[in-house]
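Visitor: Protein chains in written order, with this note's numbering: chain A, 1 to 256; chain B, 1 to 648; chain C, 1 to 327.
Some clues are possibly wrong.
Below, in silico cross-link-like pairs of lysine-lysine (PhoX-like), each with a Cα-Cα straight-line distance of 25 angstroms or less [what the hints assert, rightly or not]:
no.: 1; chain 1: A; residue 1: K52; chain 2: A; residue 2: K199
no.: 2; chain 1: A; residue 1: K110; chain 2: A; residue 2: K155
no.: 3; chain 1: B; residue 1: K387; chain 2: C; residue 2: K140
no.: 4; chain 1: C; residue 1: K322; chain 2: A; residue 2: K250
no.: 5; chain 1: C; residue 1: K285; chain 2: C; residue 2: K140
no.: 6; chain 1: A; residue 1: K244; chain 2: C; residue 2: K264
no.: 7; chain 1: C; residue 1: K292; chain 2: A; residue 2: K239
no.: 8; chain 1: A; residue 1: K244; chain 2: C; residue 2: K285
no.: 9; chain 1: A; residue 1: K248; chain 2: C; residue 2: K325
no.: 10; chain 1: B; residue 1: K423; chain 2: B; residue 2: K387
no.: 11; chain 1: B; residue 1: K472; chain 2: B; residue 2: K437
no.: 12; chain 1: A; residue 1: K110; chain 2: A; residue 2: K52
no.: 13; chain 1: B; residue 1: K363; chain 2: C; residue 2: K282
no.: 14; chain 1: A; residue 1: K194; chain 2: B; residue 2: K254
no.: 15; chain 1: A; residue 1: K2; chain 2: A; residue 2: K194
no.: 16; chain 1: C; residue 1: K323; chain 2: C; residue 2: K264
no.: 17; chain 1: B; residue 1: K423; chain 2: B; residue 2: K513
no.: 18; chain 1: B; residue 1: K68; chain 2: B; residue 2: K486
no.: 19; chain 1: C; residue 1: K282; chain 2: A; residue 2: K250
no.: 20; chain 1: A; residue 1: K239; chain 2: C; residue 2: K323
no.: 21; chain 1: A; residue 1: K248; chain 2: C; residue 2: K323
no.: 22; chain 1: A; residue 1: K250; chain 2: C; residue 2: K323
no.: 23; chain 1: C; residue 1: K325; chain 2: A; residue 2: K239
no.: 24; chain 1: B; residue 1: K466; chain 2: B; residue 2: K439
no.: 25; chain 1: C; residue 1: K322; chain 2: A; residue 2: K244
A few chain A residues facing chain C, derived, Cβ under 7 angstroms [stated by the list, open to error]:
no.: 26; residue: D94
no.: 27; residue: G126
no.: 28; residue: V131
no.: 29; residue: L160
no.: 30; residue: W164
no.: 31; residue: Q166
no.: 32; residue: H167
no.: 33; residue: P171
no.: 34; residue: A243
no.: 35; residue: K248
no.: 36; residue: K250
no.: 37; residue: R254
Note that these hints are calculated values from the structure, not bench results. For every residue, glycine included, the Cβ atom is placed at its ideal position computed from N, Cα and C.
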Amino acid sequence: MKIIVAIKQVPVRDSSLHIDSSGHWIDEDDLSYEINEPDAYALEEALQLKEKHGGEVVALLAGPERGSQTIREALAKGADRAIHIECDDLASLDTLGIASRLAAAIKDEKPDLILTGLQSDDLGLGQTGVVLAELLGIPHATIIMQVEAGEGSIKVKRELEDGWFQHVEMPLPALLTIQSGISKLRYATLMGIKKAKTKEVRRISAGDLPPAAAATVTLERVYLPEKKKETQLIEGSPKEAAAKLVEKLKFEVRVI
Amino acid sequence: MNPATPAHVLVMTLHYAEPPSFSMVEMVLLAICIALSAVAFFRRFSRVLRNIFTARKDPGFHLAPIGKRVWDFFWELLCQAKVIRERPLPGLAHAFVFWGFLAFALVSLNHFAAGFRLGVLDADNWVGVFYFWFAAVFALLVAVSIAGLFVRRFFVRPIWLGRKVSYESGVIAFLIFALMVTYLAAFFVPSTSTMARGLWWAHALCILAFLPLIPHTKHLHLVLSPITIFLSRGEFSHIPPLNGDEDFGLVTGKDVTQLVALQAYSCVECGRCTEHCPAANTGKILNPKEIILGVRNYLNDLGPHSEEPLLGKYNSQEAAFQCTTCGACEFQCPVGIEHLPVIIGLRRGAVNTGAWEDDHGTKLFLALERNGNALGMSATERDKFIKKQELPIFDGSQEYCLWLGCMGAYDPQGREIIASFAKVMDYLGTSYGVLKKEKCTGDPVRRLGNDLVFQQLAEQNLEIMKQQKVTKIVTICPHCVRTIAKDWKDYGASPEVEHHSEFMARYQDKLPKTDGPEIVYHDPCYLGRYRGSYDQPREVLARSGKVIDPPRARERSFCCGAGGGLAFLGEETGERVSHVRAKELAATGASVVAAACPFCNTMFRDALAATSDAPPQLLDIAQITAQTIAAQPVATASATPSNGAQNA
Amino acid sequence: MSGVLVVLEHRGGAYNRMSWEALAAGQQIAAASGQPLSVAVVGSDLEGLSGELASKKLDKGYRVEHALLKNYTADGYVSALEQLIKKLEPGYVVFPHTYQVRDFAPRLATRFGQVLLADLVGLRKDGDTFVFVRQLFQGKLNADYRHTGSGPCFVSVQAGAFRAESLEAGNTTVETFAPQIEANAIRNKPDEPFREAAQTVDLSAAPIIVSVGRGIKEQDNLPMMEELAAALGGELAASRPICDNGWLPMERQVGSSGQTVSPKLYLAVGISGAIQHLVGMKGSKTVVAINKDENAPIFEVADYGIVGDLFEVVPALTEAVKKAKGA
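Construct the entire structure; sequences and hints are all you get.
Guide: See below:
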């Protein structure tokens, strides 16, 4: 099977975030980057499918030059080759714009399957995969836990809310967004990194692709939410404290 | 010599009876026997030599400094120091056998030479008399020793020698005994008698039977161990650099190096390594002896060019990952085998190629890649701690950089140790600061064999050192000390580094002294065996109480179980190493257990509580020292003359 | 192009709570912009759901019905709603941010050259338009978005962001809308939803975890914790010493040598907060700690804490939770 995995490079989880001077975005100076975690699971799923059914895994990433580090890691883990859409203007595009770029870059690839994580750790919109499927005119399914490949079709297990699941049969080609934590991620090995040096990375400049339509939504500003993560100690007798805690659980945490 | 003295009489009466002459037939027979024995010896020996010499060269090996090699050769080999010290009675017996072999060298050569009428020693002249008597004394010692060792192996049966009875050892013991008996008996027969001739032939045949057995058995150590001891890697637990893009560690026979092969063939199967191994002692399948013998069997069956994996039929991956890298095995080995580079080499082969699939290991690697610390915590937590503790930030003007390490920065207990040590340094007036950014030194991945992550961490840290102009580091964790001092060298020059016990020991006269309770001190593996710092922590503790040792102390200290990256892996099988050690420490009756490593501290915290109803108090030496300082009536830095502050 | 269209979701013959929250959001937009508010529900044979729709204060209700919409498929729902939106031309389309919506709404938005502003936690009128608030970086930052496209504005709202209690009652006409859908346009073939068989403990999937540590002192005190967990609808977990003693199975252990969990609520009872435990639960969205030692490290990572005797606090808490849920 030929599988394309769309991966995104995001700031490392738990990074200390500071708003930049314009208030539009975060200060990127001191940040380290890594592969978006759900995309890591999508890559793992692709690699496991390749190990089972043979074929090729192609990593696809749109982003600035620093994205090549994440591409290298994907190749080190076992992807066969990669496509890097080099662009610095992702912040000015909306999901539709980014997905159009991805679609244009792979227009001649004709994959059997496209996998991507269900959402990104930074923006968390969770749509690029679905939009890409619509642009390519292929069926899709989201929040996938398992993939079984057949002849020209696949059977997937979709996660629903509250512990429910559903199997869906789909024709190929198709696109899936993969749930986090469904398998054990492999680690990039020294051997993998050395092999990665010889694998093909096709670099496409955003200028070579059709220009994206104007963004339909704009991110105006980012700011810290009012609630700071300070420990609120709840005072009073056990009964009083319990009652106050339940109040908080109901209305602030919203788990009751 | 006075002809009438009893000694003279004895000497003159008991005379080594060498047959005066041998017939042509005998000489031919002798020549044939020697030839057969030599051929049998060389056929096997040359195979062993070929396996060793055609193996890959060891990258980064150099003979210099030669002084230590010469000293080890003299002390460990000729004087049999470690052999005797670590197992006194059997060790002494072995020493006698060894010295006996040396003493017999000339005598044995002469024995065969005489068979062709080319003997150099004349039993009738002074030199001969002296030599034969000299050898006779040793013959007695050897005979008694070998008989004792035989009894030990076949009747006492210590389990470290192996569960199966070793028939080859019995045969060898018999031959040695026979050699000594035939030699000694020759003093009691006339040289012209048939008996003398018979004894001579028996003695000769015993030697000729012994010779080919050498390369076929563990007695190869007779020939190899002097070389093995001389050609050590030069440093305890020395992990060799990887050589080029195709080198991932010990994956297949092709990766076995000359030193590894030489050491594998030198194994005496004495089991001293296994006897002191914390894993082997707690029901794990890891057995350091079997790891080395596994390599030897691989080389015997497949040779050093095979592409068959080393971890598979000959050694198990599971065993290799049960090692805490405590080094007891390598430390104990009397023939110079270095187990740690082999075990870590096998781990490298598994991890660098992705053959090791372990959830916890993968989680550790990801945590280090992503967050730069082994615990996967956000670096902001470290920042918060530094702020809360009001630790000064290193800006290049201070003398010392206080390295927090992962435990010191994120573990609540480790933080207590840092806080206490900071108080001690403040008391001593030391100028120090902590770095704004620290990444894990990489110790866990270095010992687990992940060179990719280790290289990243080492290089990133060395860059920080350079940028921040760090020249001296002091830290609370022996693992950090080792990794900074030695392992980072593969990627650049690292600053001087000291453990806080070594630091405090240098200033011990300035630390207040008080009478205190009994304190039992646990030697951390990475401070003791790895670094040889046994006295400094004790000296520091002596300022606060009465220091006592547990039964297994100093170089025989029993690991806490956290090393080798195991603190970050999953559940142990068998009994918990930490529980075994905790019981031993608590059984001393001391009211305080002193630790010098935050990992030992974490392991014993749970273990002491789990194994004892009223466990002793567990404190780091910094905490004990800080308490002693705080208990002083006027405990301020300016009150101590050491700062040069003059009273008005 | 005007009006607010809210798309409700139903399962097993009833609307889910998030749908009413989405309606509350829709009402807010409609009121602030002075526009009519309609509601749509998609499926086949929606007679039973019609009544409840009719009793809410809306301008119009739509039953989008077709046999091929009986079981949810993205192709079916996208096609059906595309046709409805083309007919109604609303300025805003509001969804609850459910798994189902995440599956089809982005595709639907693309049909109109728009994107979905997903998982809103708030919105406010600012001048002529609205500012929509989302969370970034897993809740670490908030972001203000504005819709600048020329098509309908598609939004979905996060669970609990809007209060379903604030809906007013009224009388609404409900119309049936029958979209054109071809069978071969529906490419996915879904099976019936199912629950997993034998429930082995999967702490990583539990949204609420009640975790117990050494402070519980004895195994006989566990039932009290089980009651609290049951009352909250959560799973019971423990720190290592409890599992070591065999009081709870190893699979319930949270920590460096056990499970790593990131539930919505992690309640640490009688747990001191050693690093080996913290690394297993630091990803939890909200941490509540109950411990009698005010210096216990667990309070460093807790959002809410009660310094007290757990043997008194836990029963009181269980009661309070039951009361709140029963209400």
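Visitor: Does each hint fit the structure? Answer for all of them.
Guide: Hint by hint, here is what the structure shows:
1. A:K52 - A:K199: Cα-Cα ~21 angstroms, so holds.
2. A:K110 - A:K155: holds, 20 angstroms
3. B:K387 - C:K140: holds, 21 angstroms
4. C:K322 - A:K250: Distance of about 12 angstroms is within 25 angstroms: holds.
5. C:K285 - C:K140: Given that 25 angstroms is the threshold and the Cα spacing comes to 11 angstroms, the pair holds.
6. A:K244 - C:K264: holds, 19 angstroms
7. C:K292 - A:K239: holds, 15 angstroms
8. A:K244 - C:K285: holds, 19 angstroms
9. A:K248 - C:K325: holds, 14 angstroms
10. B:K423 - B:K387: The hint holds at about 15 angstroms.
11. B:K472 - B:K437: Distance of about 16 angstroms is within 25 angstroms: holds.
12. A:K110 - A:K52: The given pair, whose Cα atoms are some 20 angstroms apart, holds under the 25 angstroms limit.
13. B:K363 - C:K282: OK: K363 (chain B) and K282 (chain C) at ~15 angstroms, within 25 angstroms.
14. A:K194 - B:K254: Distance of about 19 angstroms is within 25 angstroms: holds.
15. A:K2 - A:K194: holds, 23 angstroms
16. C:K323 - C:K264: holds, 21 angstroms
17. B:K423 - B:K513: holds, 16 angstroms
18. B:K68 - B:K486: Given that 25 angstroms is the threshold and the Cα spacing comes to 18 angstroms, the pair holds.
19. C:K282 - A:K250: holds, 22 angstroms
20. A:K239 - C:K323: holds, 13 angstroms
21. A:K248 - C:K323: holds, 14 angstroms
22. A:K250 - C:K323: holds, 12 angstroms
23. C:K325 - A:K239: holds, 17 angstroms
24. B:K466 - B:K439: The hint holds at about 14 angstroms.
25. C:K322 - A:K244: holds, 14 angstroms
26. D94: Hint holds; D94 (chain A) Cβ to chain C Cβ min 5 angstroms, cut 7 angstroms.
27. G126: holds, 6 angstroms
28. V131: holds, 5 angstroms
29. L160: Holds, about 6 angstroms.
30. W164: holds, 5 angstroms
31. Q166: holds, 5 angstroms
32. H167: With a minimum Cβ separation of about 4 angstroms from chain C (threshold 7 angstroms), the hint on H167 (chain A) holds.
33. P171: holds, 6 angstroms
34. A243: holds, 5 angstroms
35. K248: Result: holds, 6 angstroms to nearest chain C Cβ.
36. K250: Holds: closest Cβ of chain C sits about 6 angstroms from K250 (chain A), inside 7 angstroms.
37. R254: Cβ of R254 (chain A) sits 4 angstroms from chain C, so the hint holds.
The structure fails none of the hints (numbered hints given earlier).
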